[in-house]
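Now for the letters of each chain:
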Amino acid sequence: MVKIADYSADAAVANVRAALEKAKQHESYHALLSLTEERALERAAKVESGEITGKLAGVPFVVKDNFLAYGAPTTAASKILESFNAPLQATAVEKLEAEGAICIGKANLDAFAHGGSTENSAFGPTKNAIDEQRVAGGSSGGSAVMTALDIVPFALGTDTGGSIRQPASFNGVYGMKPTYGTVSRYGVVAMANSTDTVGCFATTADDAALIMGIMAGKDERDMTTLPDFFVPESSVSPLRIGLVKESMNNDVDEEIRTATQNYADKLRAAGHTVEEVSLPILKYTLAMYYIIVPAEISSNLARYDGIRYGHRAEAATLAELYGKTRDEGFVTENKRRIMIGSYVLSSGFFDAYYQQAQKARTLLVQEYQKLFESYDVLLGPTTPTPAFKLGENTDDPIKMYLADIMTVPASLAGLPALSVPAGVNSSGLPIGVQLTGWRRDDARLLALAKSMEVN
Amino acid sequence: MTQISRDDVLHLAQLSSLQLTDNEIDTLRTDIANILGYVEQLGELDTVGVEPTYQVTDLENVWRTDEVIDDEVSREELLALAPASANNSVKVPKVL
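Order-wise, the sequence lines are chains R and S.
Quick note on the working numbering: the first sequence kicks off at 1 and runs consecutively.
Quick note on the working numbering: the second sequence kicks off at 1001 and runs consecutively.
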């Protein structure tokens, strides 16, 4: 697969043209919502002339279409933002552009990043890079597929409960969700403030570390960013690794369990210790997630009112304008989550749902804290199943939500987690294993994954 | 199991500023009841005396000096994003 090092500034125009051409040839996957061709070629010419330089000079990439970025509308895969042209760019995009990277397009997602298959896009689903009958995963499905199809060496995504890691595992690429607060979210369409993170897809652990290193850092425009801490690590000493028992039960596909065991064996062979550990609260984490996140969504999506930007419905009164605009502009899953959020935040239900979930979240953090006193890294599968068929789960929201059961725990606790490609099953579908670290251990996870590429 | 009536759905829609079409109401009613039924398992956890976690990285209020950060975005650019504008203002339907 292509790596960042395969690109040179001297050939920026040719490389960007080739990536655009390849993207067009793969249109049937519907991984992109738009190409930013004109701007990309202009920037490529400036890279060749030496006007733009940097660590990523001339390297093409795509952004998930919930990053404000120039060159095409930022839609969040929704009707309400269908023709929204961003007046500024996200900090993460600005930082990559400052190093010479060239955005060639905007990748498909579940509308407002609500979903785990990219089937909730208002503009149609993305197809899996390995099997077009199957889902890309989500919500950053388009970014994962563009990387897996070898069109770009890296892509940006957001991960609120697994939206980078799950599609990374479904398509056989690396997917990094950093410690909460590592990368600025300024200029990123907000979903759930207490778990939203910005991360990336890449074809090697080194490339993921390079991209995270460039994007990471304190931003005065995002007060939740942590003081700078991310420094890529080149080697890894023997680690104590815990294999999470509850993520290896019979609900998890057998071939995925085998692949995870094989990865554990490889870790042992490389000199690490791997022991079975227990995270008993794991089975409750999806329930916490589907209270806390919809609550934050219902509040965040209140801003889409048809007044200052975005789609506005025809209406005689203000109340009708809000109601119709939002009905037309959101997909069903957006409405479901907004309404669940309104419910759990309502007086009379607040304590039993929202407050109970936030208390349960404390218990989860405590269980993690205890495990990380004795272990450096936790290991488990990224998903309970490989990529499912298009349409297979669309009528059953809970079945769809269960695809995130392995990824939401790290999100709720703010921990860094990396999905690492771990081979394919008997049908050729990719399998991913997940490495989880304590807060700020992002670079260690990437260094560990890199060391396993060699072994 | 939580029972959600058609009126409950309409009330939630109103709280959420969503004017639902008729065919959406029944589907959402079933989905919302199922999702609430699923998340209610949290009631099994003993959380007496446990403090809630709203924020995970222990950041307290973060202050900065109250100075305008220049994003170089002009008034014209922002107004151009509005579905309707007039006289340097965003235009809305008559409220009163």
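Don't read these hints as lab results, they were simulated from the structure.
A virtual CB, placed ideally from N, CA and C, is assigned to each residue, including glycine.
Mixed in with the good hints, there may be bad ones.
Said to hold, decoys possible - Mimicking DSBU-like on lysine-lysine, the simulated pairs with C-alpha atoms at most 30 Å apart in a straight line are:
hint, chain 1, residue 1, chain 2, residue 2
1, R, 218, R, 55
2, R, 218, R, 46
3, R, 79, R, 46
4, R, 79, S, 1094
5, R, 55, R, 79
6, R, 22, R, 79
7, R, 3, R, 218
8, R, 245, R, 324
9, S, 1094, R, 324
10, R, 79, S, 1091
11, S, 1091, R, 324
12, R, 245, R, 46
To be verified - What the simulated footprint calls covered on chain R by chain S, stretch by stretch (three residues with Cβ under 8 Å from a Cβ of chain S suffice, anywhere in the stretch; the number is not a length):
hint, region
13, 79-91
14, 96-109
15, 153-163
16, 300-306
17, 321-331
Claimed, not checked - Covered stretches of chain S (in silico footprint by chain R; criterion: 3 or more residues with CB under 8 Å from a CB of chain R, positions within the stretch not fixed):
hint, region
18, 1008-1015
19, 1019-1027
20, 1034-1045
21, 1056-1062
22, 1077-1089
Comparing the hints with the structure gives:
A hinted pair counts as satisfied when its Cα atoms are at most 30 Å apart, and residue 218/R with residue 55/R qualifies at roughly 20 Å. Restraint check for residue 218/R and residue 46/R: satisfied, since their Cα atoms lie roughly 29 Å apart, inside the 30 Å limit. Distance check on the hinted pair: residue 79/R and residue 46/R sit about 34 Å apart at the alpha-carbon level, beyond 30 Å; violated. About 25 Å separates the Cα atoms of residue 79/R and residue 1094/S, which keeps this hinted pair within 30 Å; it holds.
Proximity of residue 55/R to residue 79/R is assessed by CA-CA distance (about 36 Å); at most 30 Å being required, the pair is judged violated. Distance check on the hinted pair: residue 22/R and residue 79/R sit about 27 Å apart at the alpha-carbon level, within 30 Å; holds. At most 30 Å may separate the alpha-carbon atoms for a hinted pair to count; residue 3/R and residue 218/R meet this at roughly 27 Å. A C-alpha spacing of about 48 Å is found between residue 245/R and residue 324/R, which places the hinted pair above 30 Å, so the restraint is violated.
Between residue 1094/S and residue 324/R the alpha-carbon distance is near 16 Å, which keeps this suggested pair within the 30 Å criterion. For the hint linking residue 79/R to residue 1091/S, the alpha-carbon distance of about 21 Å falls within 30 Å, and the restraint holds. As the CA atoms of residue 1091/S and residue 324/R are separated by approximately 17 Å, the hinted pair is consistent with the 30 Å bound. Only pairs whose Cα atoms come within 30 Å are accepted, and residue 245/R paired with residue 46/R is rejected, the gap being roughly 52 Å.
Note: the region 79-91 of chain R has 4 residues with beta-carbon separation from chain S under 8 Å; the three-residue rule is met and the coverage holds. Using a Cβ-Cβ cut-off of 8 Å, 0 residues of the region 96-109 of chain R lie near chain S, which falls short of the minimum of three, so the contact claim is violated. Chain S is given as covering the region 153-163 of chain R, and this is violated because 0 residues of the stretch bring a CB closer than 8 Å to a CB of that chain, at least three being needed. For the region 300-306 of chain R, the stated coverage by chain S holds: 3 residues have a C-beta nearer than 8 Å to a C-beta of that chain, and at least 3 were required.
Residue count for the region 321-331 of chain R with a Cβ under 8 Å from a Cβ of chain S: 7. That meets the three needed, and the coverage hint holds. Check on the region 1008-1015 of chain S: 4 of its residues sit with their Cβ under 8 Å from a Cβ of chain R, so the three-residue criterion for coverage holds. Residue count for the region 1019-1027 of chain S with a Cβ under 8 Å from a Cβ of chain R: 5. That meets the three needed, and the coverage hint holds. A count of 11 residues in the region 1034-1045 of chain S with a Cβ less than 8 Å from any Cβ of chain R is obtained; the coverage claim is therefore met, three being the minimum.
Note: the region 1056-1062 of chain S has 4 residues with beta-carbon separation from chain R under 8 Å; the three-residue rule is met and the coverage holds. Restraint check on the region 1077-1089 of chain S versus chain R: 6 residues with Cβ-Cβ distances below 8 Å, three needed, restraint holds.
In terms of the numbered hints stated before, the structure departs from hints 3, 5, 8, 12, 14, 15, listed from lowest to highest.
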